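A.B. asks: Chains C and E, in that order, are what the protein sequence lines are. When you line the first sequence up against our numbering, it's residues 9 to 387, in that order. When you line the second sequence up against our numbering, it's residues 9 to 131, in that order.
There could be a bad hint or two in this list.
[As the list claims (entries may be wrong)] Here are the simulated lysine-lysine pairs, DSS-like style, with alpha carbons at most 30 Å apart: (1) Lys16/C / Lys148/C; (2) Lys314/C / Lys111/E; (3) Lys59/E / Lys322/C; (4) Lys111/E / Lys371/C; (5) Lys344/C / Lys109/E.
[Unchecked claim] Cβ-to-Cβ under 8 Å is the rule here; a few derived chain E residues that face chain C: (6) Val47; (7) Glu67; (8) Glu91.
[Claimed, not checked] Residues of chain C placed beyond 10 Å of chain E at every Cβ, according to the derived structure: (9) Lys41; (10) Glu47; (11) Asp131; (12) Lys231; (13) Asp250; (14) Gly277; (15) Trp278; (16) Glu327; (17) Tyr338; (18) Gly359.
To be clear, the hints were calculated from the coordinates, so they are not data collected in a lab. Nothing here was measured: the structure is a model prediction, and the numbers come from that model. The C-beta atom is built at its ideal place from N, Cα and C for all residues, glycine as well.
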Amino acid sequence: MTETNIRKTPLSEMHEKLGAKLVNFEDWKMPVKFEGVIEEHIWTREHAGIFDISHMTEFMLEGPDCIPFLKHIMTNSIGIGDFAAQYQHMCYSNGTVVDDLYIYRESAEKVRIIANAQTLETDGKDFNWLKEHIGEYKVKITDLSLERTRFAFQGPETLKLLNPMTDKDLTQIKRFRWCYTNIIVNSEEIPIFCSRTGYSGEDDWSDSLASFEISCENKHATKLYQIFLDTGAKPIGLGARDSLRLECCYALYGNDINNEITTIEANLGWVVKEKEGVEFIGQEVLLKQKSEGSKRISVGLNLLDKGILRAGYKVLKDEMEIGFITSGTYAPTLNKTIGLALINSDYKTMGTELDILIRGKKKRAVIVKTPFYTRGKKN
Amino acid sequence: MEFPTDLKYLATHEWVKIEGDIATVGISDHAQDQLGEIVFVELPDTGVLEKGAVAANVESSKAVGEVVMPVSGEVTAVNENLEDEPETVNSSPYGNGWIFKVKMSNPSEADGLLDAAAYQATL
Chain C
9 MTETNIRKTP LSEMHEKLGA KLVNFEDWKM PVKFEGVIEE HIWTREHAGI FDISHMTEFM
69 LEGPDCIPFL KHIMTNSIGI GDFAAQYQHM CYSNGTVVDD LYIYRESAEK VRIIANAQTL
129 ETDGKDFNWL KEHIGEYKVK ITDLSLERTR FAFQGPETLK LLNPMTDKDL TQIKRFRWCY
189 TNIIVNSEEI PIFCSRTGYS GEDDWSDSLA SFEISCENKH ATKLYQIFLD TGAKPIGLGA
249 RDSLRLECCY ALYGNDINNE ITTIEANLGW VVKEKEGVEF IGQEVLLKQK SEGSKRISVG
309 LNLLDKGILR AGYKVLKDEM EIGFITSGTY APTLNKTIGL ALINSDYKTM GTELDILIRG
369 KKKRAVIVKT PFYTRGKKN
Chain E
9 MEFPTDLKYL ATHEWVKIEG DIATVGISDH AQDQLGEIVF VELPDTGVLE KGAVAANVES
69 SKAVGEVVMP VSGEVTAVNE NLEDEPETVN SSPYGNGWIF KVKMSNPSEA DGLLDAAAYQ
129 ATL
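Okay, chain C solo, but in the shape it has when bound (with noise of 0.2 Å):
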């Protein structure tokens, strides 16, 4: 990979000027922390943060059959209004996962995705998937990723500084709603997509702490990232977002889920629904999953000993070898080291204490109550 094949964001140049620190991610150029990653942990926790999230993948699709398409391809119910949005994994007949994502419906004819950044190597995956499988339903796929612009505007104080120049009342806007709406900043009014979801878990239901992720076109980007900032927000890297996700045992793909760990391994039984009249992709094996139980099942540890967990480190009990963490960090709002752990199924109950293998040396841990983080409650 040489440096000039790395995608930029059109927010890019502006992190730079920032003070951000790039790194590669995805094959796109992104800021992995501005002023310190526990810092902006902290920050969004307590007030308000920016990311920007382009390096997602957004798709429309529309036509007549968007729905019993979605019913098809998606394991979550689908059964959502219009404006109301929905998570949703695409898996494999296998029951893997293609990948997670959001819709967003704004009629029975047209509705939003926005899914994962790909890299060069998988760039058009979730596209290509979406449509090879469109076959005889009415639908049609426009690629709008690179278009526009997202980004997640989460933390405690967002509706306060986003509120006031929105020309719509976002406090109307339920958790897992969403609207078109403008800023509207010295007359000049930039169209934005405002959809109260997030990756942070700074979102409890409570309408006053609502938190809103944000897509434009590319022409207004930079313009509203400077409006966002000028609120007193601050810009949020890629480091923050993890370590806010995992706290809120918000699935990675790559990580927590993949083209070989199911959606009930992973602990998301919420998101398959049996559809009337629908069979979804990877039904059979997900449903048998969900009610019998998977072999493999995703945990949350805390570790006892001293130390970080990494994607990848084995986990032990009595010596064997029952699984691997599939995410880890040091968790700032808990002032302890996280993980969760696809392991033996038969070794998830609460409270077992099982060893990491981290550099050759076996670390304590014990399986702990997820999520870790809950707005409003440290476990």
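Chain E: place on chain C using the hints.
C.D. replies: Chain E alone, transformed into the frame defined by chain C:
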């Protein structure tokens, strides 16, 4: 960013302070900056290690940095304060953020280390 001239360096970003046959080892300002906030320092066990062996690990939230033995010898002291305050490596990489001390078995090995200017040239 500072690179004190009374210290020696390795291209792998360790610094070494030689006092008699004792070498004190830490990581450079550049290394701590690259790693970001240090959340854990795995200190070496005391004992004899060869030059180039991994003696300690410095972990930030996103990465692990290895700290190798700049010279052969016996690890005689470790900075236990880092167990509770690993961030000292960030705030004082050349001072309170030192990681371990080695009693050199072959002090001439220190001659091969980089001076501050040579180290900076590698960055």
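A.B. asks: None of the hints should be skipped; say for each whether it holds.
C.D. replies: Hint by hint, here is what the structure shows:
no., hint, result
1, Lys16/C / Lys148/C, "holds, 28 Å"
2, Lys314/C / Lys111/E, "holds, 27 Å"
3, Lys59/E / Lys322/C, "holds, 29 Å"
4, Lys111/E / Lys371/C, "holds, 29 Å"
5, Lys344/C / Lys109/E, "holds, 29 Å"
6, Val47, "holds, 4 Å"
7, Glu67, "holds, 5 Å"
8, Glu91, "holds, 6 Å"
9, Lys41, "violated, 6 Å"
10, Glu47, "violated, 8 Å"
11, Asp131, "holds, 24 Å"
12, Lys231, "holds, 30 Å"
13, Asp250, "violated, 8 Å"
14, Gly277, "holds, 30 Å"
15, Trp278, "holds, 29 Å"
16, Glu327, "holds, 22 Å"
17, Tyr338, "violated, 4 Å"
18, Gly359, "holds, 24 Å"
In the structure shown, a violation is registered for the earlier hints numbered 9, 10, 13 and 17, in ascending order.
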